[in-house]
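Asks: Sequence:
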Amino acid sequence: MEQHIFGVAEVNQLVKLLLDGEPMLQDIYVRGELSNYKMYPSGHHYFTLKDPEGALRCVMFRGQASRLRFRPENGMKVIARGRVSVFPRDGAYQLYCNSLTPEGAGDLAVAFEQLKARLYAEGLFDPAHKKPLPPYPERIAIVTSSAGAAVHDMIRILRRRYPLAEVVLLPVRVQGAEAPPEIAGAIRYANRWRVGDVIITGRGGGSMEDLWAFNDERVARAIYESELPVISAVGHEPDVTISDFVADARASTPSNAAEIVVPDQEALKQWLRTASSRLERSEAAQLSALRRQLSALAEKRVLRDQAAYVQDKRMELAHVQQRLGDLSAGLVAGKRQRLSVLGAALDAMSPLKVLGRGYAMARGPGGEILRSWKDVQTGERVSVALGEGGFLCTVEEPWKKERTAWPRKK
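Residue numbers (the numbering used here): 1 to 410.
Mixed in with the good hints, there may be bad ones.
[Claimed, not checked] Here are the simulated lysine-lysine pairs, BS3-like style, with alpha carbons at most 30 angstroms apart: (1) Lys116 / Lys16; (2) Lys50 / Lys116; (3) Lys131 / Lys300; (4) Lys313 / Lys300; (5) Lys16 / Lys50; (6) Lys38 / Lys116; (7) Lys130 / Lys77; (8) Lys77 / Lys38; (9) Lys38 / Lys16; (10) Lys116 / Lys131; (11) Lys50 / Lys38; (12) Lys116 / Lys130; (13) Lys77 / Lys50; (14) Lys374 / Lys400.
[Said to hold, decoys possible] Label-pair restraints from in silico Cβ distances: (15) Pro181 / Lys130: 22 to 28 angstroms; (16) Arg281 / Gly205: 20 to 26 angstroms; (17) Gly63 / Pro238: 42 to 48 angstroms; (18) Ala128 / Leu287: 45 to 51 angstroms; (19) Gly123 / Arg83: 41 to 47 angstroms; (20) Pro238 / Asn98: 40 to 46 angstroms; (21) Ala285 / Gly205: 50 to 56 angstroms.
Rather than coming from a laboratory, the hints here were simulated on the basis of the structure.
Even glycine gets a Cβ: it sits at the ideal position worked out from N, Cα and C.
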């Protein structure tokens, strides 16, 4: 019997038929660690599952990959579900993956943490970006389902607490694949047309899958980009969504959002009553003080007798004039006395006084005062001043030493 020789493609096709015919391999779960994970522009994902003993090539086509709730990363422990078959062209068998679930945690939980970490790194949760809520909003935009109980609870509380505010409902779906774009679109619409002073977005409680629309990146970015302040009110107190981190304020429930977005009218009335009472007391105290001041002024002499006031001022003026006159007279007398003293001292030092006591003052031909016998020459004419009058004379003989006897004239 002649041995049949197979072509490569025939062998690959035979192996494929064998693998496709094994029921156990048509719906199999495989646990492993992601490696060499690549996403191609076509939308297909290629990766390898490995453990310490081996590796398995895997592919997830675009249709299945679009349903992933998280972003697969190398090193992540996962459980893959699919079928094992052969790609005839390459002759390599691989796992055609239908779903991928993180091991030890649900895919939603992993997707939540991944998106949370990424948006936090981008600064979408930064407190500096948070806008303050208006204290007395005139219009409140609510982005939620019109059929849920949450919107009715919010409207009821808003009407009770602050009926002055107008409520504008922007109905959207809050669950399902269509919910995220509708919620994001309603938030952008509210900003574009300024339908309110503040936005409340949220829904009532439910499972993580029910609340997932508020963990969508599109909703998170719409809240972050909103120029109007946004309050996130999703689920119950334990429920936490991405929108809670991005929003300007978080409410534990939709009802709580209605309580924090507006003041309580009863509290406002009480505050107004208290302020009015304080104002009345303040005005009464001020009026009382003014009355006392008026009474005190009325008792003053100047108001009771105007002429007396003028008379008092005249007396004060006369007193001041008397004091100024006394001060001026004393000052003049002191100056005169000092002038007399200085005049007497000056007179005592006058050369005329010296001449009056018998002394004389001689001046040379040029009028200079003669102080020494050296200042004159024999034959020069000098003038001599006496205490009374004087005379001219001619120098006959200068001498150096004092003489007590005068030479007689020949």
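Asks: Now, for every hint given, state plainly whether the structure supports it.
Replies: Going down the list of hints, with the structure as the test:
1. Lys116 / Lys16: Since the Cα atoms of lysine 116 and lysine 16 sit roughly 43 angstroms apart, the hinted pair is violated (cutoff 30 angstroms).
2. Lys50 / Lys116: holds (28 angstroms)
3. Lys131 / Lys300: violated (61 angstroms)
4. Lys313 / Lys300: Status holds; Cα separation ~15 angstroms.
5. Lys16 / Lys50: holds (22 angstroms)
6. Lys38 / Lys116: It holds: about 22 angstroms lies between the C-alpha atoms, which stays within 30 angstroms.
7. Lys130 / Lys77: violated (37 angstroms)
8. Lys77 / Lys38: Holds, because 16 angstroms separates the two Cα atoms, which is no more than 30 angstroms.
9. Lys38 / Lys16: It holds: about 25 angstroms lies between the C-alpha atoms, which stays within 30 angstroms.
10. Lys116 / Lys131: holds (20 angstroms)
11. Lys50 / Lys38: holds (15 angstroms)
12. Lys116 / Lys130: holds (17 angstroms)
13. Lys77 / Lys50: Holds, because 10 angstroms separates the two Cα atoms, which is no more than 30 angstroms.
14. Lys374 / Lys400: Given pair lysine 374, lysine 400 holds - Cα atoms ~8 angstroms apart, limit 30 angstroms.
15. Pro181 / Lys130: 22 to 28 angstroms: Because 25 angstroms falls inside the window, the suggested range holds.
16. Arg281 / Gly205: 20 to 26 angstroms: violated (49 angstroms)
17. Gly63 / Pro238: 42 to 48 angstroms: violated (35 angstroms)
18. Ala128 / Leu287: 45 to 51 angstroms: holds (49 angstroms)
19. Gly123 / Arg83: 41 to 47 angstroms: Between glycine 123 and arginine 83, where Cβ atoms are some 43 angstroms apart, the hint holds.
20. Pro238 / Asn98: 40 to 46 angstroms: violated (33 angstroms)
21. Ala285 / Gly205: 50 to 56 angstroms: Holds, at about 55 angstroms.
Hint violations for this structure: numbers 1, 3, 7, 16, 17 and 20, all remaining hints satisfied.
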